[in-house]
Amino acid sequence: MTTDISIQELVNKVRSNTFDVMEAVGIGHGGGSLSIVEILVALYYGVAKVDARNPRWGDRDRIILSKGHACESMYAVLGEMGFFPKEKFKEYLQFNSMLQGHTERRTPGVEYSGGSLGQGISFACGVAYAAKLQKKNFKVYCILGDGECHEGEVWEAAMFASHYKLDNLYAIVDYNHYCDHDDVDKMMNLQPFDFKWKSFGWEVIYENKGNDANKLIHDLRQLENISGKPKCIIADTIKNFGVPSWEKAHLHQVAGKDLYDGIKEGRELLKK
Amino acid sequence: MTEQVPLMKMRQGYGDTVIELAKKDEKIVFVSADCGANERKWFYDNARERLVETGIAEANSAAIAAGLASEGYKPYLLNFAYLLGRMYNQISQSISEDAYPVSIAAYYGGVWGTGGRSHNCVTDLSMMRAFPNFYVYAPADYWETKTLIRKVDQLGGPSYVRLSGVPTPTVYSQEPEFSPLRIQEEGSDCTIFCHGTMVYESLKARKVHNLNCSVVNIPQIKPLPEDQIVREAKRTGAVIVAEEHSFIGGLAEAIALLLAEKYPVPIKKICVNDLFPLSTRMEEEDIYGKYGISFNNIAKAVDQVIKQK
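Residue numbers (my numbering), protein chains in the order written: chain X, 1 to 272; chain C, 1 to 309.
For the record, the hints were derived by calculation from the structure and aren't laboratory data.
Treat the hints with care, since some could be wrong.
[As the list claims (entries may be wrong)] Restricting the straight-line Cα-Cα distance to at most 27 Å, the calculated cross-link-like pairs of lysine-lysine (DSS-like) are: (1) X:Lys-132 to C:Lys-307; (2) X:Lys-165 to X:Lys-49; (3) C:Lys-24 to X:Lys-136; (4) C:Lys-27 to X:Lys-229; (5) C:Lys-41 to X:Lys-132; (6) C:Lys-262 to X:Lys-132; (7) X:Lys-229 to X:Lys-13; (8) C:Lys-41 to X:Lys-135; (9) C:Lys-27 to X:Lys-132; (10) X:Lys-165 to C:Lys-41; (11) X:Lys-136 to C:Lys-27; (12) X:Lys-49 to C:Lys-27; (13) X:Lys-215 to X:Lys-49; (14) C:Lys-23 to X:Lys-135; (15) X:Lys-136 to C:Lys-23; (16) C:Lys-27 to X:Lys-165; (17) X:Lys-135 to C:Lys-27; (18) X:Lys-135 to C:Lys-24; (19) X:Lys-264 to X:Lys-229.
Produce the complete structure using the sequences and hints provided.
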């Protein structure tokens, strides 16, 4: 947790790092990475207990990125925290690099090797169940995509978490409104989204300002007071947040000239 | 081998051993998607919090097992062989990629069973062999099932043990020591490599038809005990591979590739064709013959392969 530097400064640093990672190779999942920068900062700097010098510390809180394609911002926050040197950003996607195209446990600080969607929340259920068995107090945070919630397995896991009263489990859904090809609700309607989670037995906060890290920290702390059920924040976010031209185009993945132009645009905004 | 031998269920051997191990090891959890018998009951009655029931949600159960393993638990996951397909992607990404020690076992591997095409599975080895980091086993009977469950308990990595769904003839009279490959009988005309129920069937072929061939049980399908297989192929110069599995992706394919590279010899397969097995009553006569994998089929193949030497 941080006191000597503002949360907004950290958000800017992590967003800038995200640009660095994507710029290293000229490709990246800009949309879903930039929409969760605030979620990551809220978790890593706001509420979670982690130790960058001891990534496998037994009592750490587990932060599981189920939407593994958002790896660029995950690497950005882990690098900022010192889990590995930021120089490693340049090695993104190089052969046998510790920074792969979807998050993998080979990267210090990464808890789950993702990529295929819908599974991270099940894995998180297993971890949360294990914590209960061991009577350990660590928390399990799982970041899901909104399109990922089209996966049936998400709801199998949602049932499981509620059935076993896994109140150490927090799902944060990045509701950035766009899949790869279209508006997520137009493709397959998720509504009533918050009610779905509630009806599965979860305590739910719908956060309208999902790109406000301080709001998210407040929500996460509020949820700590709830016991006997799993908790969910639906964070209403903007895909590609911080790069207006990408936001307008709802880009999922970006490469080449669009990427370099967009990063330039994003960096200008960070200077303001 | 024409005399009556006891029929026992591999499933029982699995349950007996898992219970025995779980009594001593609190890290063992049983992951069930509405599956299990005596072992599930034991966990339910004696260690309910270590029975991780997911309901009929196979995909979820596999990724949950991985999460439990990541925290130091030893999940035993049991389901129907055919339903492993429901977990394909979860086994791949959540278990296999990071080599979590999840011990998977599945029953109704083979042609026997009342369930028909959706439950009698002859493609499970094909799927489970393909995952990097996995150990794959197939016991010959009740007793070797116990041996193999003790083996996977000590592996520290992901494993699959294939079980029949019906009572099968016993090959052993007590738990054999673990060996990835075991020469059951020696002969000089050819070698029959086999696993699972085909070990008994091959021994029966040898005895009934008075064959001068080796019968070699290979319970460890992956990693394959390559050197011993090549040595045996060199010794007899002709090979049969018998398995109650499709010829696609099982032991026959593995051995054919190995010998093609290392020591080509005449080889014949006794496998199930590229088909889905139908429902089978327990009293059905000569079911293996109907699928071309009976002791008579094995003997005929031995005769043919010897002529090719």
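Verification of the hints:
1. X:Lys-132 to C:Lys-307: Violated: X:Lys-132 and C:Lys-307 sit about 64 Å apart, past 27 Å.
2. X:Lys-165 to X:Lys-49: Status holds; Cα separation ~22 Å.
3. C:Lys-24 to X:Lys-136: 22 Å, holds
4. C:Lys-27 to X:Lys-229: 25 Å, holds
5. C:Lys-41 to X:Lys-132: Holds, because 22 Å separates the two Cα atoms, which is no more than 27 Å.
6. C:Lys-262 to X:Lys-132: At roughly 52 Å apart (the allowed maximum being 27 Å), X:Lys-132 and C:Lys-262 break the hint.
7. X:Lys-229 to X:Lys-13: 34 Å, violated
8. C:Lys-41 to X:Lys-135: Within the cut-off at roughly 24 Å; holds.
9. C:Lys-27 to X:Lys-132: Holds, because 13 Å separates the two Cα atoms, which is no more than 27 Å.
10. X:Lys-165 to C:Lys-41: 23 Å, holds
11. X:Lys-136 to C:Lys-27: Cα-Cα ~15 Å, so holds.
12. X:Lys-49 to C:Lys-27: 25 Å, holds
13. X:Lys-215 to X:Lys-49: 19 Å, holds
14. C:Lys-23 to X:Lys-135: Holds, at about 20 Å.
15. X:Lys-136 to C:Lys-23: Cα-Cα ~23 Å, so holds.
16. C:Lys-27 to X:Lys-165: Answer holds: C:Lys-27 to X:Lys-165 is near 21 Å, not above 27 Å.
17. X:Lys-135 to C:Lys-27: It holds: about 13 Å lies between the C-alpha atoms, which stays within 27 Å.
18. X:Lys-135 to C:Lys-24: 20 Å, holds
19. X:Lys-264 to X:Lys-229: 44 Å, violated
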